[in-house]
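S.K.: Protein chains in written order, with the working numbering: chain A, 934 to 1840; chain B, 9 to 120.
Hints are computed from structural coordinates only; laboratory data are not their basis.
Ideal Cβ positions, reconstructed from N, Cα and C, are used throughout, including at glycine.
Among the hints, erroneous ones may be present.
One side only, chain B facing chain A, incomplete, derived with CB under 8 Å [to be verified]:
| id | residue |
| --- | --- |
| 1 | Glu17 |
| 2 | Phe18 |
| 3 | Arg28 |
| 4 | Gly35 |
| 5 | Arg48 |
| 6 | Gly53 |
| 7 | Ala54 |
| 8 | Thr57 |
| 9 | Arg71 |
| 10 | Ala74 |
| 11 | Gly75 |
| 12 | Gly81 |
In silico negatives: residues of chain A with every beta carbon more than 12 Å from chain B [claimed, not checked]:
| id | residue |
| --- | --- |
| 13 | Thr1188 |
| 14 | Glu1284 |
| 15 | Asp1566 |
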Amino acid sequence: MTDDRAPRMRPPRLATWLVRRALPRDARAASVAGDLLEEFNRDVETRSATVATGRYWRHALSIAARYAFGRQRAEHSSVHNGTAARRSATLLGALREDLRDARRSLFKHPGFAAVAVLTLAVGVGANTAIFSVLQAVVLRDLPYHQADRLAVLWTLKLGQNLPDNSSYLNFRDWKAQSRTFEDMAVYRDRVQEFFAETGRQGPERIHVALVGPGFFRLLGAPALLGRTLEPADFDADQQAVVISHSFWRQRFGGTTDAIGKSVDHDGTRYEVIGVMAPDFELPTADVQAWTPMSVQPELWRRLQQDPRSRAGDLVAVLGRLNPTATFESAQAELDTIAARLRDEYPDTNAESGVLIEPLTDHVLGSRTAPALWLLFGAVGFVLLIACANVANLALARGATRRHELSIRTALGANKLRLVRQALTENLVLAVLAASVGLLFAWLVATALRTWAASGLPRLETVRLDLNVFLFALLVSLASGLIAGVLPALQSSTVNPVDALREGGARLAGGRGSRLRHGLVIAELALAVVLLSGAGLLIRSFVRVQTVDRGFDSRHVLLLQVHLPDRYDDGKDDAAQRVAYFREAFERILGLPGVAAAGAVTDFFIERNVDSLTTIEGQPRRRPNDPAPPLLRDWVIPGYFEAMRIPLLQGRPLRDSDLDPNAPPVGVINETMARAFWPGESPVGKRLKWGANVGADTPWTTVVGVVADMRRRRLDEAAIPYMFEPGVSDLMDVVVRTVGDPDALRDVIRAELRALEPTAPPYGVVTVEQRLWETVALRTLQTLLLGALAAAALILAVIGVYGIIHQSVVTRTQEIGIRMALGASASSVLRMILSGALGLAAAGLGLGLIGSIALGRTISSFLYETSPVDPLVYAAVVALLLIVTTVACLAPARRAARVDPITALRYA
Amino acid sequence: MPSAPSLGEFEQLVLLAILRLGVDAYGVTIAGELERRAGRRVSRGALYTTLERLETKGLVRWRISAGTRERGGLPRRCYAVSPRGVATLRAAREVLQRMWKGLDDVLKESTS
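Here chain B stands alone, though its shape is the one from the complex (with noise of 0.2 Å):
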């Protein structure tokens, strides 16, 4: 991909769960989407490498919440897709809708 930082397909999606999720993302539910959208199993290893991934590149953020009963008081790391972070998507975005253009036809019946 040109330009703006890389963005993997899984890094896509996850991106795309958090955005779904709003405030409500983190971990289990960002997993959860992931299965019921792209029904995709997700690996927990690599969601959460992929997490650390977007941080570092600084698309997403997070903030502490606190633990709820049923994760033993445990915390929770709420994610949000940060301004670079939309961004990136937008570019991503834009790279594959250039990249479709024109080939409706010939993709038509696998799309369905």
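With the rest of the complex left out, here is chain A (with noise of 0.2 Å):
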């Protein structure tokens, strides 16, 4: 298989900008692209990675600076021929001596140098933080080769519109008529539990995912060590399995001999043939090995022969494009398929369309992106912020350096070189800003690291690589330039007889005071929009952790049980199963501290939900009515109790109707109550499962109906469930402590194991903790906005105590004579403040129509939080209004404190 060995890796994204930037706009750009990625390509495989990226860059570089600078000498010499050199000698000496004079002037001042430097990296830091996330997490492109170009392809049922698995023969059917994909793989996407002995440290429970012929050449991902799965290891004696980085390193200490070593489970023996690189994350990240689809022969023999595996929902299926193929056109071509099918195959396929999804939005889910683009709206604003407080810093220092300007200009220093030099004073700045920042945002990205237990997609991989470090610089410099233009321009209109003039500095300058008081209320504006937004995602938050979740979280240990295949009677009563269980809740309840116990197909919702039904005495369904998505778990009918679910009406299960004689029976919620019998009582009702089912199916009875659980997100209403008991092989046990449930994870545990040795219980958790799971992208963001916006409004109220105590300074004399007219102390300090509350108040009006305009962008992530909520927006208000007074309280103090005396005297 040499499709295997396909380069998965991809050329630094910068470096091919910049030389796509620095070649003319013409076939030549495109060729010499495919050059550069045709070395890569080939580095990558005949060296290593980190050496095809360096050779990269360099070639890069050499293109840009070539074809750059080649540019600018052509007009160089067609100007003055052979200057170019002079000049370039000349430029090089004015920017040292520029950066001389940097220097210089920053050290005489080392606290103005500080407070700009700290605020800068602030915003700096903050930036190249979310940036290094965003990079990570949505602008890196998935780790298989040409990953724009795969997708995943659901099953549609078409009644429901909602996507499922889909069954192999269906799969082989799309395969062989598809002309838009050019290669599609199979793989179960719900990994398996197997119980491996690698001789080494004794058992352990693996995740393993059963992958179909040509899974990996379909990825382009080849095996970091060995080799991948090829054709042939599907007929093969030996069983073969491809394990992850992460296993290699933990079970067999990341040396290379362990290709050819073996793992074992259920009495089979799995021979190790490759490794997978650690970025390798299908179909989940911890997935830890992958081995054929036919090591469960059964399974394999069925799905490829049996034509009722038709109707099916086992395999989920991957897709490469054509290169001229696009998502749409696939997705039309796709529908044909389907619908030719539905005729030819109307037992099992009336009801299948065909979706197409992008892997990359697959792999991402369709929150991350958004809300990670809001967080770096949210970032850009802190560093305008940060930006304009240095701005405002480097105004007022101007004002008291304009005596010095003046002295330049009158020796005859150009307002060119002027402006330069305030331009480079910044930059200089801004390099070690970006230095502090860049602490700042390693710091940061580790903190956020450690959220990448929390089930957020590729979060782990976040690190600061020589993009975030471009980055920092970029925008360190950006803010520089952008701080530094204001005080630069003003700096060059200095008139020297006027500045010259004694007294000159005390004057209030007018123009640089009406700019630095724009620049404060700018400041105030931006702080008060990610206040806003804050507050409401905080409200949203508070919204999610109050929300009724339908049962009593606390205290309550989730398990996970896996019972092998033995227990599997082949009968539909699975009364092996049954009995496993009856004893493992009557050992558990034997424990102290234990209050109850019961188990459920699923605790949490994560399938896709699929079943139709006929209901009794209605009518049924035309093809395209959309029916509700409804959902059928068992459980063992403890359940409700441990969980303390409220029931509403009727009975709950009993452990008598577990009887394989006993009528069927279900409990439904109340979403199901309201959506298939609205207005009537539905215990006592009847339905069928299936969705045109004949006589010979038994009638379901709903004898009960309890309270909505949140069993898919905290942040999401229920959808139809109905509970009818049952045990599979696959259970969540839930048990209710008295205590702390994680005291008796371990005694639990070890009462399984004695039970029964080969099925020891694994993803033990406390409810609470997966629940929090569930909403951690949103606790992420709402702490994170939280403290853009704390820092926003840090920086901002700085910029306004800055601008008022500098106009106590300057106007110390005009205080004096006001006192010494018959101003009282109150009345000057009432002056002051309410200089400071105008401020803020021209703040607050920009500001709140800018909230109201993000409050419509976020809607999305608000969770029954109205976009202008007017609880956030009283409280943004009075926020502000303290804590500008606050601030200001002591420069007004001051002023009120002035002796007209002294004040008139040193005037």
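Two independent chains are provided; combine them into the complex using the hints.
M.R.: As structure tokens, then:
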């Protein structure tokens, strides 16, 4: 399989962009880019990714430099031939001079320099941190060859409009008939649990993905060590397994002789044939091994041969688009293929369509990218505020520096030179800020990586690489320029005669101070926008946390039990499994500290909802009517008690309902009651599973209604579902404890392990922990936006403080006169404070307009909170006014204490 | 160099590399050939600007050929030396040969 060796690395984007920018926009650019890519791919294969990246950068930089300079030189030489070299020499000399001046000037005012660097560093650091997350999670390509052409193909239940897994037979037809996909492959997206014995540290549960032929070839992911699965592995006597990087490190110590070693499971020996790279994370990030689907011969045979399995949903399908195809054209083609299959196999395919989803969307989910872009926007605001602050500082300083500048102007410095010097000073500040900011970003990124455990995709890959570094530098330089341009222009307008006149520096410069007021108002406005955004998210967050879960989530431990195949006696009643669980619950309930226990197929709803029903006494659905989604679960009756789910009508399930001869009954949730029997009591009503079923299917009677539970995410309303008595091979066991559930974790595990050594419980967590994970992204987003808003507020208030302080200092003389003429201390205090609050009010006015616009754009992140929530806005207004008042109290007091005599004497 | 368009040393090497490669001369292979035979590491910036210069001087021609999978489907610019380029190379060689003539004894040891 040479194709499996296909390169999966991508060259650094920034370098590619650089080349494209440097080259003229014609066919040349494409062919040069192609050359570089070809070499890069070869280097990746024959050397290493690091060498390849390094060489790619070198080539890119040399091209960029040649073309950029070449162009410049051409322009120069056309005007004045031969002076180019001399000019660059003087330019360099001038730069050196400017840098020297900047250093001197900053050393002379270390306080100003420190405040400016720190302020910019907060802005740059926050931007860099969020950028590193954005890059790792959203911008970076998936680690597969040309990942933008990969897609997941779902079977679409037309009646419900729900995407679901597919059947192998349909997959085979899609693959044979499609022209837009160059390849397709299947895998099982429900990860299997293997009880693996590697002969080293005793048995252990590992997550195993069963994959179809060509899975690795399709992704273009080569093995890091050894090889990936080949078609021959699907009929071989010897079972093969490819292991993940982390499993390799853990169990085989990361040595190359792991290849050829074996992993035992259920008496079968699997030979390790390859190790994947660390970032290969399909179907899920925690998969530890991949084996051919044929290791389950029965399943494999049925999938391929049993015509009834066409209705099944056992495999997930991946596809790779042709280079010429788009996701839209592929969707159109698969729509026709699905229609053809509907006609051909009406029994199984009557309800089936196809939905194509780009793999990137599937891996990232729909929420992550917008949430991160929102944060990226927010850090941009913080940076702007930081820039405005530094600009203000520099302007204030410029006012006191007029004297120096006037002398220089008088001595013949030209305006350009002065502007350039002011800018250089800011760029030096910016570079310093970049280094401090990077440190800050590193701290934030490290903290964020610990959130990776909460299941946010790819967060664990956040790191500060060259791109992040360059980004920090660019942002710093840009912010240095933004912050520097106003002060620089202002300094160039110095009129030497005016400024040199004695006392000139004492006058509050009219134009300059208007500019500074404007900047502070803009800062406040930006801070208000961020504060109200954060306020709305916080309010949503509180709403989510206090939402009625429909059960008591405290003190509940959740364990997964996977019974081995020999518990499956092939009959429907699953008597052996029931016996196992009865015994297990007896033991668990016997433990001190356990209050109740039960089990359910899936405590949390992760799979797609797919059940269709026929309801007694209600007309049959027409084919195109959307049916409400409906989920069915098996439970072992103690479940309701253990979760303290309120029973609203009828009776709960009883242990006797598990009896093989008991009539089929079920308990439904409120939402199902409302959706299926609106306005009447569902107790006693009957339904059949399946859309159009015959008389031989038994009726299931609804015997009770329970409260809705938040089983998908805390911030998602319940869907209709039904609990029936029963046991599957994979159950979520819930145990209610009297005290801390974590304390019982090990005891319960040991008890169950003693009962059945080959089925130790795994994935043991508290329900609270799992619930928290469902809102991890929201929590992170709220936390970060809250922190950013706080930073924005602090920066903006520092800005207000600075300007008020400055005005008190420059107006000492004026205040002295006022007081000499009879103004009281309190009236001076009022005057200064009202000046500050005037700024705050203007900022609020502008900011609130912006907030309303922001509220609209983030409304999709809000949970039961209006984008114009009056409470949030009132809180923002109050907060800003209070904080501004407190910050300006000190300078206002100082003004009120001005002694008129001293002020006038030293004026 | 007299008459004919002037030819720098690097330009000469590039033209020779293209001639050696025949139909398979494009950026990657030219760089490889120079690295192998002339033993010099070629900066890509220098290579592409030189190729362009040779094109403006009318010494090389190129045509686009389709991209392969390993270059992400991006097109390839295959170069060939134009008749004018061949003539220029010949002229350059003659100049060199004239200059070398009679110096064999002086330079014998260091040319080995």
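S.K.: Which constraints among the numbered hints does this structure fail? Numbers only, ascending.
M.R.: 1, 2, 3, 5, 9 and 10
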